[in-house]
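For chain A, the structure is supplied; the task is to place chains B and C on it using the hints.
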Amino acid sequence: MDIFIDQFFNIEIMRKSFPLLLSGLWMTLKLCSAVILLGLIGGLFVALGNMSERRWLRWISIAYTDLFRALPPLVLLIFIYAGLPFAGINISPFAAVVIAFLLNNSSYYAEVYRAGLISVAKGQWEAAQSTGLTPAQTLIHVVLPQAVRNVLPDLLSNTVEVVKLTSLASVISLSELLYNAGMARSVTYNASPLVLAALFYLVLLWPLVRLVSHFQRRLAA
Amino acid sequence: MDRFLETFFNPVVMAQYTPDILAGVWVTLQIAAAIIVAGIAAGLALACLRSYGIRVLNVFIICYADIFRALPPLVVILILYFGFPSIGIQLSGPMVLFIVLAATLAAFAEEIFWAGFSSVEKGQWEAGIATGLGFTRTLTYIALPQAFRLAIPPIVNRVLAITKMTALGSAIGVSEILSSATTAQSFSGSATPLTMSVIAYLAIFLPMVAAARWLESRTAWKKR
Amino acid sequence: MANRPMLEVVALEKRFGPNTILKKIDLKVAESELVFVIGPSGSGKSTMLRCCNRLEEPTSGDILVNGRNIMAGTRRDLDRMRLQIGMVFQGFHLYPHMSVLKNVTLAQRKALKRSKAEADARAMNMLEQVGMAHKADAYPGELSGGQQQRVAIARSLALDPKVMLFDEPTSALDPELVGSVLKVMKDLKSKGMTMVVVSHEMAFARETADRVVFMDGGVVVEEGTPDEIFGAPKAERTRAFLSRVSG
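Protein chains in written order, with this note's numbering: chain A, 652 to 872; chain B, 3 to 226; chain C, 1292 to 1538.
Do not rely on the hints blindly, as some may be mistaken.
[What the hints assert, rightly or not] Below, in silico cross-link-like pairs of lysine-lysine (DSS-like), each with a Cα-Cα straight-line distance of 27 angstroms or less:
{"hint": "1", "chain 1": "C", "residue 1": "Lys1393", "chain 2": "B", "residue 2": "Lys124"}
{"hint": "2", "chain 1": "C", "residue 1": "Lys1426", "chain 2": "B", "residue 2": "Lys124"}
{"hint": "3", "chain 1": "B", "residue 1": "Lys124", "chain 2": "C", "residue 2": "Lys1453"}
{"hint": "4", "chain 1": "C", "residue 1": "Lys1404", "chain 2": "B", "residue 2": "Lys124"}
{"hint": "5", "chain 1": "C", "residue 1": "Lys1453", "chain 2": "C", "residue 2": "Lys1407"}
Because the hints were derived from the structure by calculation, they are not lab data.
Extracted from the complex, chain A is given alone in its bound form:
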């Protein structure tokens, strides 16, 4: 038991690695805000493409979502980070992560938006447009607010997935939370920094996970 605590919950090592992990957390948060923000916007456009009356647009958006839902995000990341330099395109780790996860996440967000848009009754479109709103105004003021409210739990749970996803950036040596924890582990030969990183993620995400469950229960009732 002592050795277990020493190896996984070593307070001394945790204390020492805390500043390093904190700076990693900062990078994780920067990554998250970029990917979440861009993903939310990109996903909306993909979803609108999916609902379009133009067949080719619909076709492209379905191909896009299916393609990036089928590819593991890590594969996409490695392909962009390690593959593109072969084509003469050099790219920073941060940009590689943002691009890879944007492609991945916008397709997940798009699916959520799509479900939301479908859930809004057709009469809402008709009512708004009959009062003289343009299609864009109808979307922004009438349909989207209802759609988002209807799929809030899914948007939230997808956002939790994005935060978890950013840990993959450690694989290409971007010094975010997990990467820094891994560094601290290899210096100390002790897993406590990794456990501390796990605790950071829990503090960040447990409330969101609870919230998702809470929303889902309320919708089910």
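The following block gives chains B and C in isolation, referenced to the frame of chain A:
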């Protein structure tokens, strides 16, 4: 254009490394299958246990499901892979990958099945109990089949998301598709093996994505 | 009529937190008797019925079926006792994922351990009795409310219960479908089934009930023959209720 093809679709490199990538595909498929079976079975078992409403047990189940839904799997993988040997537990890379991803899938599956149980009407339980079936048989024959039907689309999506994570095995030396490809890439000095890995993953997962889409459209249509 | 009660409710009490729903209720139902329970909503009549097979757990009191106390004994004893108490719900509660036949055979197979052939034969017999044999292979979603309720009755009957409890069996039905369910209940009565019915079908009560029980505020206010209760109610509350429902 020629240079592009030469870099990403070099036929010589392709021919040379196809066996390696295929070996990686086989490893990925085996681990994925084990994860799916174990994860769903464990998640279903947990949801069933939870329906008995034993307070202490349920606190454990809910905490387990919350923690494994909140933690990035890669963190847990690294803790098991690098931390456990120092307390005398040696786990192979594939074993770590299997344990962590199956545990993660179990957490999500538990929540999905539980949501399914919760949406089975109270009257269904009462009808089963009133006809003398008792709790366990009512659970098995009446609640479970109805919950399962509701759970299929979200389960398929979650299975897809988690089996894709087998690519994380490349971080701990599991010779699945991605690590075969990155190894081949550094030996050959060509990006072609990476392209091959992309193709391999698409071959495995695109049909699953299409199946998920089909399932969703079918249930959505039924609701109307 | 036999002396020994088939169903006996003794000093039944049910509390939800600070609210007392049932206040020491006593009720005896003789073999082959049809007891009709009426009362305003919130009077506790449905709760009383649901306590009779412990779908609702009584706070105190005893429930005796054919002389055996279902409040004593293990959970397994209770499940066995429940086989002798049929229950018909307002909302039918047929299993939507099973055919009509499977709905009727499930508890026979799994709880009574009857063979498939025996359960099927029994089920078809019961479905015939409620006029639903022709729908044996249909699924509940394809049936009207009245048809579903008749199948639900067959599902209970197939277990050879000693008592049948009906919890507002026709309240969820369209008016034109009520008759078919009442007819089945009337047939059942003529075959000598012991029945307790909570319902608002006053005309049916007048015609078929042996005894009518009026409940209000968690107590039995008055009981008697249909003629006594409907013709000359003694208690003021009974009179007020009856004038309201006959409106």
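Comparing the hints with the structure gives:
1. C:Lys1393 with B:Lys124: At roughly 20 angstroms apart (the allowed maximum being 27 angstroms), Lys124 of chain B and Lys1393 of chain C satisfy the hint.
2. C:Lys1426 with B:Lys124: Roughly 26 angstroms between the alpha carbons, so the hint for Lys1426 of chain C and Lys124 of chain B holds.
3. B:Lys124 with C:Lys1453: 25 angstroms, holds
4. C:Lys1404 with B:Lys124: Given pair Lys1404 of chain C, Lys124 of chain B holds - Cα atoms ~25 angstroms apart, limit 27 angstroms.
5. C:Lys1453 with C:Lys1407: 23 angstroms, holds
Violated hints for the displayed structure: none, as all numbered hints are satisfied.
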